[in-house]
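Protein chains: 2
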Amino acid sequence: MPAMSDQSGKAPYRQLAESLQRFIEEGTLRPGGKLPSVRLMAKRHGLSPRTVVKSYGLLEDLGKVEGRSRSGFYVRPHLAPQSPLPKMARPMARPAYVGVSDLAADVMEHSTDLGSVSLGWGSPDGNLFPNRRIARMLSSIIRDEPGWLARASLNWGYEPLAREIARRYVLDGVKISHAELIITSGCTEALNLSIRVVAKPGDTVAVETPAAFALLQTLQSLGVRVLEIPMCPTQGVQLPNFRAALLSHKIAAVFTMPNFQNPLGCTLSDEMKGRFYDLLREFDLPAVEDDVYGELFCGDRRPKPLKAWDVDGRVLLCSSFSKTLAPGLRVGWCAPGRYLEPVRRLKMANTMGTPLVLQKLVCDFLRMGGYDHHLRGLRRAYHSHVLQFAEQIRRDFPAGTAVSRPQGGYILWIQFPKQVDSVRLYHEALKRHISFAPGILFSSKLRYSNCIRINASAPLTAQVQSAISALGHLASAQLPRTTGRALLRKFPALAR
Amino acid sequence: MPAMSDQSGKAPYRQLAESLQRFIEEGTLRPGGKLPSVRLMAKRHGLSPRTVVKSYGLLEDLGKVEGRSRSGFYVRPHLAPQSPLPKMARPMARPAYVGVSDLAADVMEHSTDLGSVSLGWGSPDGNLFPNRRIARMLSSIIRDEPGWLARASLNWGYEPLAREIARRYVLDGVKISHAELIITSGCTEALNLSIRVVAKPGDTVAVETPAAFALLQTLQSLGVRVLEIPMCPTQGVQLPNFRAALLSHKIAAVFTMPNFQNPLGCTLSDEMKGRFYDLLREFDLPAVEDDVYGELFCGDRRPKPLKAWDVDGRVLLCSSFSKTLAPGLRVGWCAPGRYLEPVRRLKMANTMGTPLVLQKLVCDFLRMGGYDHHLRGLRRAYHSHVLQFAEQIRRDFPAGTAVSRPQGGYILWIQFPKQVDSVRLYHEALKRHISFAPGILFSSKLRYSNCIRINASAPLTAQVQSAISALGHLASAQLPRTTGRALLRKFPALAR
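Chain order of the listed sequences is V and L. The first sequence runs 4 to 499 under this note's numbering. The second sequence runs 4 to 499 under this note's numbering.
It should be emphasised that the hints constitute simulated quantities derived from the structure, not laboratory data. In this text, a Cβ means the ideal position worked out from N, Cα and C, and glycines have one as well.
Heads up, simulated BS3-like pairs for lysine-lysine below, C-alpha to C-alpha not over 27 Å straight-line: (1) V:Lys448 to V:Lys253; (2) L:Lys448 to V:Lys203; (3) L:Lys13 to L:Lys46; (4) L:Lys448 to L:Lys421; (5) L:Lys421 to L:Lys90; (6) V:Lys434 to V:Lys421; (7) V:Lys448 to L:Lys203; (8) V:Lys253 to V:Lys203; (9) V:Lys203 to L:Lys253; (10) V:Lys46 to V:Lys13; (11) L:Lys203 to V:Lys253; (12) V:Lys203 to L:Lys203; (13) L:Lys37 to L:Lys57.
Sample of chain V residues facing chain L (criterion: CB under 10 Å; computed from the structure): (14) Glu112; (15) Ala155; (16) Gly205.
Cβ pair distances, simulated, as ranges: (17) L:Arg246 to V:Val314: 56 to 66 Å; (18) V:Lys434 to L:Glu112: 51 to 61 Å; (19) V:Pro163 to L:His436: 16 to 26 Å; (20) V:Asp116 to L:Asp281: 38 to 48 Å; (21) V:Gly316 to L:Arg379: 47 to 57 Å; (22) L:Ser180 to V:Asp116: 17 to 27 Å.
Build out the structure end to end from the sequences listed, making use of the hints.
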């Protein structure tokens, strides 16, 4: 057991957590193993039981252990460190229009098939949300005042909700005023309005690659060209690539997802966010930021949005409650900085207003529904499901398959050996009632044909396990079976 | 009392209604006067009481009389036939971009001022809706199945709702399949998606003038140019004007509101709709049809949408429940004909989906909430309020003011003598906490500077009465007071 002789001056609970974390990472404490009881641990290290509980709680927040009721704390499954990471894309020679929407529509359509395993669409599993509590709250709102159903909402939204959203940002160290917020019909509308304000049809927008396919659909629908900036699968957008792109192309705006990028799951460090923002200023560019997964971190702190660095209003921050509270309500928001007025106008012309009763509902939940408590549980659930999915994929998918290591959110990006055609795999899987998102949807250039995106928000049930196993078989069947013999033909010396 | 010796072969209740209607129109039965009791009327004409009740009911549906509980039937106020109608605009020399949105945003903002009389925005009075019944229905849906709040809705909407909407059209003689319908976030989104599909930025769209200012905002936001087609205040768009415009300009699409046009309230006859459609075919043009007031007729039958003539899928029909059932829910629809696929794609890129639980709610209400019963009462209320407003305006506004005679909906268009500047009037009225929509908002060319639009959906309370009276004073104050003396200076002979 770890010695507690740390000279760092850190609080004892943190020292204990850090040394336990080291033991877990080095494999001394193995996945599935039980931690010593709080009583025993306290006694052994001369700490109060309260300190140990706090320490175990931190490890739980970090996703390293999980508490099981009346049993104790267990080390969670984690990705074997040797599992390979997906590769980075090459930079693009020139911007292109997007054109893959038939397949995207097909993926969306199949994501609602009942009785099938739908891993393609980005919406989270609906069972993870406090639906019953939300329902009670809504019933009480409309019982007390049925007029909420009739009141037309105007474009800038319900002010008390805007205040709640702004308050949360301020607590996280991001200065956003409620007066700068516009409530939208989900993050999709927020992105749509933002992009329309900063880019006209025919303009070029720099976008990270791979990129969320709903975003590419939006850019396509607006007639905007895309210049893809390659991403590092763990550290996010590479600034030298970004700078080179800005120097060699006329860019109207940048689209970025610095926290838990969809589909890679990677996050820019604070330092890199600062430098990213400096580049925006140097080239005098606006940036549309999608922070829809920002609250779904695995660590102990919410990563700041790029907006936190925005001293001159060039960042249009977009997000929503669809991944954190209620996927069905379509309540999102936009903090458009200096573009406030044009975004407001567009909101009015686009959908007039977002249903007021739903805005009131979300506002009440933020105030008195225990949103933070719910979020803590939700983060743990997503993180646990992602790790379980990744472990299952590592076991069942063919050798040479790379899996992303998301630092938040619930999306996995999987790169098969390059012989695997994921569109063919998609159609074969559909026949077995399994759907996922093929990689080519995540680029305007039909890249990533051997990649797929998996929504890992739901628990790994037996049905999902066998779906993953079936996907593994189908992918393996696409690989040359005669590898052994082919190797022998190529290197006869091996037969000796 | 009328003799019942009608040889037309019409049912007796209809004969009675028609002769009573004639007496009302000729002034024999005066506004506010009481009809004879059912018993007396039946005795006098040798009819059954049931026939008389049916006859009075028809007159009520026609907006000629109103039943007051335990009192009897009374003749409603109606517009004096001699009150002048607003004038038609002149045709436009060339298309123009729209540019009046600061004022539009201002009007919208002031429409939510508490304690003021807000007649500017188009949303109906929220007290006219069965909010309590809708609230109970929603509570029951989410109590039985809270998962409705979490289920993500996809772009084409909730199929059972689409079936209900299609069924209503079929009953009205319009063949629309549920598979052709897309549920949208209000009619605003439906119009937005439709226009984006048929016109690219820089294209020209033919639009009736005056036109709903929210529509002009939408066209402005899309960078589409507008060619205004003058309207007759009672018969709607004039086909010779329309044809001349199509011959002399390159038009990408037509925007039309053939039923209860906003703001004029006029309706194209069936015959003219057929000829309008023939013109569309001749010039091979798509038409975006806004039918959001279609259900709010004053007569005995819903006027058909242009879509009823659409044999080759060139009409994109847009509507919503925001004026008929629940202004706050933002549930609308689009039947885009041959443009189904592109509109679906755009819907996905624009807002993803419309909240599923609200779609389910509207669907349940259509099935079991007594929607038709509610609509009958709502039509009578709107019609009665419009007549009361118009009567008040005729009394309080300066001589020479013309008032529209809407055949449905709840919008009044008022044309002051040409010296009145309605933007100045707007700012003066705001100081007295009264708002309306100034006429220049209804054109891309700053026409209609002496016109205003009034939302007459709410009851004519004492507060509204004095607001109208105040508007009348403010408008009169803008007219030359010295008319008498000026006349004498100009024509000294008059003094003799």
